[in-house]
Amino acid sequence: MDALWVELLKARRSRLPWLSAIGISLAPLVGGLFMVVLKDPEWARRLGLISSKAQLTAGTADWPTYFDLLAQAVAVGGLIVFGLVAIWEFGREYADRTAKDLLALPTSREAMVLAKFAVVAGWSAVLTLIVYLLGLAVGFAVGLPGWSAGLAAESAVRLATTAGLTIALVAPLAWAASAGRGYLPPVGALFLAIFLSQVIALLGWGSYFPWSVPALYSGVAGPDGQEVGIAGFLIVAFTGILGLAGTALWWRFADQT
Amino acid sequence: MDRAIATSGLTKRYGDRAAVDRMSLTVGQGEIYGFLGLNGAGKTTTIRMLLGMIRPTSGTAQLFGTRVQAGARELWSRVGYLVETPHAYPELTVRENLEATRRLRHIADPKAVERTMERLALDPYADQRAGTLSLGNAQRLGLARALLHEPELLILDEPANGLDPAGVVEVREMLIGLARDRGVTVFMSSHILSEVARIATRIGVIHEGRLIEELSTEELERRRRRWVVVDARSRPAARAVLTFSGYAVEERADGALQINGERALARPEHIAMLLVEAGSPPTRLAVEQEELETHFLRLVGTEGRDEAWPD
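From first to last, the protein sequence lines stand for chains A and B.
Residues in the first sequence are numbered consecutively from 889, following this note's numbering.
Residues in the second sequence are numbered consecutively from 57, following this note's numbering.
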């Protein structure tokens, strides 16, 4: 608990909460803009390109489409924002050269790693909640049709599951930040994961590549897209466990020079 | 005397290069041990091995009789440390940084933070963000973190770094006081022999990863070279008289005469008498001692290598 208290203090005092909240808020706001564009074709025509882009990705302006957009935003945007949160949590100890002060203490190194992961997971959950609540506010402000309490609850579960999958997938980035001793290697790994997730999904193997799974689950590929089976969920869970264990083992056994 | 630190054949290799090579040393409880070496000699690698941050390639390190390993959490509550330049969380204040350490060290007494800030004269900066501290105050904050839990053993890497002269004296007195009054063992590395000699009870010299000498401060004093320096109005005349009397005389860069050898050191007044009788009385006569840093450079065989000796 002491380690968690310290990690929360460090996170609170950083710019991370504000920057990540602003970053993730773009999803419901931009999604809302698409909805406005789709709702008013006359105005949309005057906007030119933006309206045609919105037409391509979103379809119709209603609550089911908007909830789809939010889930996809958490799958793709979430990987970037949650990933950056994890990279900051672990990489900052090396960038600020404070890691050495965490290594010979009565608090175990594993407790330190777990506390960091708890902050990453907790804050990512808060960011997901921000997306959902802001999405509701924007949806009502735009006056989208097709609302039902059942749809809202079902969408909340889908958003939470997508977020859970995405959170598990940032664990290997924590290892990359620790082994790479800073920000650059994990940011490279994040870009690589995003790039590969697109390519592998295009090749049709996306439900077996962990970083493609949240986006496919969120329905980014449309109603006829690849289905994520139990194997996909297990692969994501395994990747998360591997990332967490790898980070803890690295902190425990690797030479900290 | 019980041992606070004991290493046996401690070695760390990176490929073919031995950063630390078969180091065996012991430090008794209550001792202040000066660990001296040039930059890159292996001081920090040794310290990191003592703290379980680096795994030795071979050999062992023990603190208070317990073998050092990363998971030795009981051990770490007895040890305070400062490795290389201290870095604190820049966005946290001095007080918050210490509060974080207090939590991670499971110190029950919340007043420990205030007490330590007062001790290190950090209270005026308590609410200042650590990122805006001067180098000296950042060093004080590092020392405060090492001392917060009142450890039995302090492992300090270059503790005087960045401190102003008053700060250096203050920290020196504090460490001497801790060892004398509370029996705290201090293991401190430095590359400045004169600084170490003022505080340490024993000195170990590390060079290219090997412990090349271990000696007490008194022994160090005995080993330093000494000579007699003489000056006179007519230096050639004085030199001739002394050489004729069998002294080994050499002229120094400042023109004064340096007389080496035990005979001169044993009876410097004889030199004065000789010169007076020869009508060339000395204008200056002194027994001088080798500078500590010169002695150290001679020891590690890098005399005159100024670039390795920035201070």
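Please keep in mind that the hints were generated in silico from the structure rather than gathered at the bench.
There may be inaccurate statements among the hints.
To be verified - Which residues of chain A face chain B? A partial, calculated answer using Cβ under 8 Å:
1) V894
2) L896
3) A899
4) V918
5) T986
6) D989
7) Q1144
Please read these numbers as outputs of a predicted model, since none were measured by experiment.
Cβ atoms here follow ideal geometry from the backbone N, Cα and C, with glycine treated the same way.
Evaluated hints:
no.	hint	verdict
1	V894	5 Å, holds
2	L896	11 Å, violated
3	A899	10 Å, violated
4	V918	30 Å, violated
5	T986	5 Å, holds
6	D989	7 Å, holds
7	Q1144	4 Å, holds
Hint compliance for this structure: hints 2, 3, 4 are not met, and every other hint is.
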